[in-house]
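What the sequence shown shows, in my numbering, is residues 1 to 198, in sequence order.
Accuracy of the hints is not assured; some may be wrong.
Said to hold, decoys possible - Below are the EDC-like pairs computed for lysine to aspartate or glutamate, each with C-alpha atoms no more than 16 Å apart in a straight line:
| id | residue 1 | residue 2 |
| --- | --- | --- |
| 1 | K81 | E62 |
| 2 | K142 | D164 |
| 3 | K25 | E87 |
| 4 | K25 | E70 |
| 5 | K81 | E61 |
| 6 | K81 | D65 |
| 7 | K82 | E62 |
| 8 | K49 | E70 |
| 9 | K74 | E114 |
| 10 | K82 | E116 |
| 11 | K52 | D103 |
| 12 | K82 | D95 |
| 13 | K81 | E70 |
| 14 | K154 | D164 |
| 15 | K49 | E75 |
| 16 | K52 | E70 |
Simulated from the structure, these hints should not be mistaken for lab results.
Computed from a predicted model, the values in this text were never measured in an experiment.
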Amino acid sequence: MKKPLLLLTIFITITCLFPQLTFAKTGWVSDMLLLTFRQGPGASYAVIKTLKSNTPVLILEEKNDFYKVELQSKEIGWVNKKFITFELPKPFIIDQLKQKNKDLQASLTTALDEKERKQTPLIEPSKNSQKIIKENKRLQEKNSMLSREIEILKEENKGFLKIDMIKWFLAGVGVLLLGWIIGHNISSKKRRSGSLLG
Numbered sequence: 001m002k003k004p005l006l007l008l009t010i011f012i013t014i015t016c017l018f019p020q021l022t023f024a025k026t027g028w029v030s031d032m033l034l035l036t037f038r039q040g041p042g043a044s045y046a047v048i049k050t051l052k053s054n055t056p057v058l059i060l061e062e063k064n065d066f067y068k069v070e071l072q073s074k075e076i077g078w079v080n081k082k083f084i085t086f087e088l089p090k091p092f093i094i095d096q097l098k099q100k101n102k103d104l105q106a107s108l109t110t111a112l113d114e115k116e117r118k119q120t121p122l123i124e125p126s127k128n129s130q131k132i133i134k135e136n137k138r139l140q141e142k143n144s145m146l147s148r149e150i151e152i153l154k155e156e157n158k159g160f161l162k163i164d165m166i167k168w169f170l171a172g173v174g175v176l177l178l179g180w181i182i183g184h185n186i187s188s189k190k191r192r193s194g195s196l197l198g
């Protein structure tokens, strides 16, 4: 029981002694104006300086309508809280978007360079394969044309074959007829000469 009570007492003491530890939050001066940076939480306190719009401030404490803030220069003072926004100012958003755009463009350039680097070894074989494909197409067309010519020649040869067969047949008949005539003449001469002798 004593332990939780002791922890609660320590927490309350720290919160009271060091309010900036429990409240620290970043805000920005809003709406394109000059905000007075004062020595205390009220309009009666002296102005230390003015803050331009979009100046980041670290909020340490809140009192009435004022925030106790710390600047990036480590100066501490008070500002009217209605002129502090917790949304990231548009110029910062634009700067972030510009940086993202630059990063994306750099990434895109790198990716395109990498793509080109990877494609370069493939381009030459690709050119050769395109030549081979064109040559193959040309040879297929030539083969098709030659096949048609062969079919035409075969058709023409069928007629020549018949004519050649007739010519050979007639030549054979002529040889047989000539042989028969010669043989008949020789045998007639032998018979005559045999009849003259006897």
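Against the structure, the hints come out as follows:
1. K81 / E62: Given pair K81, E62 holds - Cα atoms ~8 Å apart, limit 16 Å.
2. K142 / D164: Violated: K142 and D164 sit about 31 Å apart, past 16 Å.
3. K25 / E87: 12 Å, holds
4. K25 / E70: 10 Å, holds
5. K81 / E61: 11 Å, holds
6. K81 / D65: 6 Å, holds
7. K82 / E62: Judged against 16 Å, a Cα distance of about 12 Å means the pair holds.
8. K49 / E70: At roughly 13 Å apart (the allowed maximum being 16 Å), E70 and K49 satisfy the hint.
9. K74 / E114: Roughly 47 Å between the alpha carbons, so the hint for K74 and E114 is violated.
10. K82 / E116: 55 Å, violated
11. K52 / D103: Measuring from Cα to Cα gives roughly 29 Å; hence the hint is violated.
12. K82 / D95: Not OK: K82 and D95 at ~25 Å, beyond 16 Å, violated.
13. K81 / E70: Status holds; Cα separation ~14 Å.
14. K154 / D164: Status holds; Cα separation ~15 Å.
15. K49 / E75: 11 Å, holds
16. K52 / E70: Roughly 15 Å between the alpha carbons, so the hint for K52 and E70 holds.
When the structure is compared with the earlier hints, violations turn up for hints 2, 9, 10, 11 and 12 and for no others.
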